[in-house]
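K.L.:
Going down the list, the sequences are from chains V and G. In this text, residue positions in the first sequence follow this note's numbering: the first is -7, and each later residue adds one. In this text, residue positions in the second sequence follow this note's numbering: the first is -7, and each later residue adds one.
A hint or two may mislead.
Since copy identity is lost for identical chains, a pair holds within one copy or between any two.
[What the hints assert, rightly or not] Below, simulated DSS-like cross-link-like pairs (lysine-lysine); rule was C-alpha separation at most 27 Å, straight line: (1) 18 - 390; (2) 515 - 484; (3) 316 - 610; (4) 276 - 424; (5) 484 - 543; (6) 423 - 394; (7) 384 - 18.
What the hints contain is simulated information worked out from the structure, not anything from laboratory work. This structure is a prediction, so every number in the text was calculated from the model and none was measured.
2 protein chains.
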Amino acid sequence: MSDEQLNAFFEPMGVVVIGASRDENKLGFGVARNLLASGYQGRVALVNQKGGELFGHPIIQSLDQIGFPVDLGIVVVPAQYVPETLIACSQKSIRSIIVISGGFREAGKEGAVLEEVCRKIAIENGLRILGPNCIGVIDTHAPLDTTFIQPPMPSPGEIAFISQSGALGAAMVDWARGEGFSFSQVVSMGNQIDVSEADMLVLAARSDHTSVITLYLESIQNGPAFLRKVSSVTPRKPVIALKVGRSRAGQLAASSHTGALAGKNNAYEAAFRKSGVIVAETTKELFEWAKMLAWTPSLPKSSNVAVLTNAGGPGVTAADAIAKARLTMAEYSASTVDALTTLLPAAASVGNPVDMLASASPDIYAQCLNILLLDPNVDMVLVIAPPPPMFKSIDVAKAISKVISRSEKPVVVSFMGSTLVKDAVNYLRKKKIPEYRFPEQAVRTLAAMRNYAEIRERDYSVPLIPAGKLDIGRALEIINKNLDIPGFLPAKDAERVMGYSGLPVVPLSFAESISEAEEIAEKMGYPVAMKIASTKLSHKTDFGGVYLNLKSADDVRNAFHRLHERVEKERLADEVDGVFLQRMIKGGQEVIVGAVRDPVFGPMLMFGSGGVEVEGLKDVQFSLIPPSNHEIEYLLESTWAGRKLGGFRNFGKADLKSVKEILAHLSSLMLAIPEIKEVEINPVIVLEEGMGAFAVDSRILV
Amino acid sequence: MSDEQLNAFFEPMGVVVIGASRDENKLGFGVARNLLASGYQGRVALVNQKGGELFGHPIIQSLDQIGFPVDLGIVVVPAQYVPETLIACSQKSIRSIIVISGGFREAGKEGAVLEEVCRKIAIENGLRILGPNCIGVIDTHAPLDTTFIQPPMPSPGEIAFISQSGALGAAMVDWARGEGFSFSQVVSMGNQIDVSEADMLVLAARSDHTSVITLYLESIQNGPAFLRKVSSVTPRKPVIALKVGRSRAGQLAASSHTGALAGKNNAYEAAFRKSGVIVAETTKELFEWAKMLAWTPSLPKSSNVAVLTNAGGPGVTAADAIAKARLTMAEYSASTVDALTTLLPAAASVGNPVDMLASASPDIYAQCLNILLLDPNVDMVLVIAPPPPMFKSIDVAKAISKVISRSEKPVVVSFMGSTLVKDAVNYLRKKKIPEYRFPEQAVRTLAAMRNYAEIRERDYSVPLIPAGKLDIGRALEIINKNLDIPGFLPAKDAERVMGYSGLPVVPLSFAESISEAEEIAEKMGYPVAMKIASTKLSHKTDFGGVYLNLKSADDVRNAFHRLHERVEKERLADEVDGVFLQRMIKGGQEVIVGAVRDPVFGPMLMFGSGGVEVEGLKDVQFSLIPPSNHEIEYLLESTWAGRKLGGFRNFGKADLKSVKEILAHLSSLMLAIPEIKEVEINPVIVLEEGMGAFAVDSRILV
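All chains, please: the whole structure from these sequences, using the hints.
P.N.:
Below, the structure written as structure tokens:
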């Protein structure tokens, strides 16, 4: 039932416009105009209390007068009449409704109350509502246009655009027209009281006409639903998102380094990574990449790009852009070099970029392109063509388009210029061959292609935790005991929770006096660390509350003494319980591992360079929990801390397996005990391969 | 004289084309065609042995037949005839010559020889040569067009473009035409056997018609000349450069961290910073920024941007871009908020961005813009206009252009769309009001404006070294002694050179035996560090050759013993001379300071995070020597290591003054003794304010 209701947004049996208007200044006029002009094949009813006629179509005064089945309602009445209109629709079994009207949450408190009323009506009556405060949907293939944006309606295209900004939808429809590509569907989400961007994305992806889905996002309300729905689409069709509002994104709880570093942006980025969404940096790129992915049927096998040009400068520019986009310049096979050498003049360059020189004819362009595409070391080709002095750009376009149409490898073209390359550009657009004015843009689209190929190759499986490693019951016992105590868990309790979660911890031993400390240290074996025992001081090192590398009973006594003096001086005796002693682990590399909860996407893991400079160095990355194997690899490969574990200077290859286990166990803990708000282990000491990794200092916030 | 010769490239008294051709497939045809069609006001001679007539103009067979004064020669004869043509020109007192002909260095070894012959002829005969292998110059105001690029010639504009790629020049002339802006001068540099990009830049800057100079650079041959000439222009007119070939840029000498991190890119970036050049990331941006700077007479006072929009989405997008570009969202004064509140509907947003809602009329656009420009807290305004549903974009353009033309603050406009905003866009272009399709592009141009304002505000003065601090004579003595010894200077010698350069060093004391070491340590006072004394082992820590924090005679003995064992085990006795003892400095922050020599720009300073992870963290920046006060601030502010010196966690504000002195002294040393190839001080320990900074471990390569 719900599915049918969603389908009605793009393929309704019949449509009614409630609030259709004869006043050209009203949105109800534009909606009726666009719907009637769209070529929609079903029947259309226009409703307005005033009655009359519009575009030769009668305006009826009430829903009761509709004489044919209607399953999609478009509501353009003033906000205060929307609730009763929804009920009227429900009574007529119109259960899919687009509310164009504004004046809801976006207009202030009263609007927000009205919006809540509408939401309740929708739930009670089983209505699916798109909006309110949206511009509706366009399906260029149905065809259907429920919006009021300025005509003409976009021509049929391949890209679905789901936008949380209506104005952007309208602007991009027009911009795309000028750029020679178009949309399959355009959806404006409005205030999203019911239907979500993820619902519409799944729906759009079902259309055979849609090859790529683009998203303009300001915020996501239901993170888990977004992840689930979008993840079901990305293995089949590319999804590209532009997420805005980054500059306003606040921080999450900032009690620990992890909290201070984990902004909302990190959560969105992690969510896009988890669900295989390609992330665009700018509005323009969103569509430039979409055009490339829509018009290029096959994905690149790897990241090797061949550049073909008739001039040096743009070739070097492209090579720079390729390096910056983390693609690689293809190294040609010997037969390619031979073939190019035979074909081109002596002064030409047969390396990469291939510089055919300004004298290159359309035929030479085509032949060289063909040679490059045959090379197994070439995964993609960028063809660059500033206006050739001796030939017409259109002839180059014609010659290469034949080769490109046959190619099973992605090819992108950069005709540089404007009036001199106009015909060539239009020719390629008609052939649906992706082209961009500048080599840099073209390279970025190749990177998007490669990005999507890599997304499809990822290992999305989640590593399993061996049974018996996690003792949730006992961990929960400790958590519950501390639920009402503000701040971090006492250090010893934190250590226990870590232990029950299967994390290898270096145990802390509590001592209240010098003699006790000395005794413990002697048993433990030197060197030891001494840490102030306090649940109230959050940064122990700042206070000078940590003594490392104590090598003898003397050292222990001295440290205890100095600590005691310090506590007395700062009048902190009440805050301090005693000291902890901990066996020092020799050698190894230090990393930080943490976890927080994002309000939208839930628990999130952090990994990176630890120590006291965590927040300064910012060498950390985030991943949603539970992390897949790919996400764990990402954490390790995208941070210097992680890369270093692979071996660095006098440090051998570290025990990556143990680090991965710690990440997996911490994830399980966060999933199992929602009461835990934040965990931070700083440092985790990672020894050489096979020697393990150990949580030395763990903090838990409940 | 030389000046006159350079002037002749843009304002010749008379021009001769040598190699003018009647064959449409030859470049000599295109050059004659463009020159004659350009509207050039002087007299033109065409020379070709074959004689005849072209465009109603006689072709003479020899230079001797020219009957009027000519000071600019354009040579389009085959490469092998260029030398004799140059001599012939010289004999006719034609001393400014553009060699269009290709077939020189770019074509292989023989061409390189020919090029060298031409260079010698130029020197011997006092000729100034642009090229060879270039497409010549265009001056749209003179007017003059010596190129063969496809007509029409660009209309008169404000931007000079000096390009090391001819094809790019041609492509950009055409692209600019489509974008509605144009050039004052276009220069293609070719192989640059004589006239350099810096010569042409100075020349172009002299033209009243030129407001902005753009540079496309692949490489610079004479770094100091570039710095000197460009620095003379940037305080008066903005210079924007695109430097390509970054992906190919090799590393400098890699004996130290400093060497390994100092690629050619760093040198170019440092050179642009020193000379006040704005650096563009892409070809498109180069010109987008130039248009903004050319058409906007006044620079922003600070970085506060107001955003005016009729839709939320593009406003949020702009806010993101503003944060990313390190500009700030303006905070409006109370009177601005009042005025906007009075003017706009209740549901509008009067914060920043100002969202007037889709109903905003052209008049409302203009009134709001006016209000924002009057606010003293607003330095720049971005106006965003997706196609308004109820109004025409052209009317918005007309309304706001009146306000913008009167404004003394930079305003940039983003009409989003294509066909629906075409008239509006064309209107603004005619009024020379900068406009871009996307808010993100527009924001980047504002950042370029602010960047140029900041360039003009910089403190370019170089800090003076107090007399007597630098004892070059004695430093040089030590350097000379080591000139023939490969590798780094012996540690003790390096320490001495640092000392003579006025750097505060922590002295090393050499010991050959345990007892000697113990004795020295006792005198020195604990804790001490022990370092292996060897000129042959480069990374002492990797070898385990450094023991820190030795607190007693026992510790010293143990360390010596372990070191000895290690040396024996690795059979390195011959490589090791003994040990150094050094007093440990307690507390403080560690940074790295280094210096290398770039082959183009000369000595270069490095500053950043030190330790063994220097190359992994890459928290370092470079500056050309001698650094100005601004460049020293840059080193300190653009690195985490530098920012941290301002105070961080339990570290108080560090002694920045002493760090600056170390940078200045090291610079003086590099300038005074060219024999020094590399210096690296890792670490410099920086104590709290007033307590000094100390070079703990210095290495010098000669």
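K.L.:
Broken hints, numbered, in rising order?
P.N.:
Result: no hint breaks.
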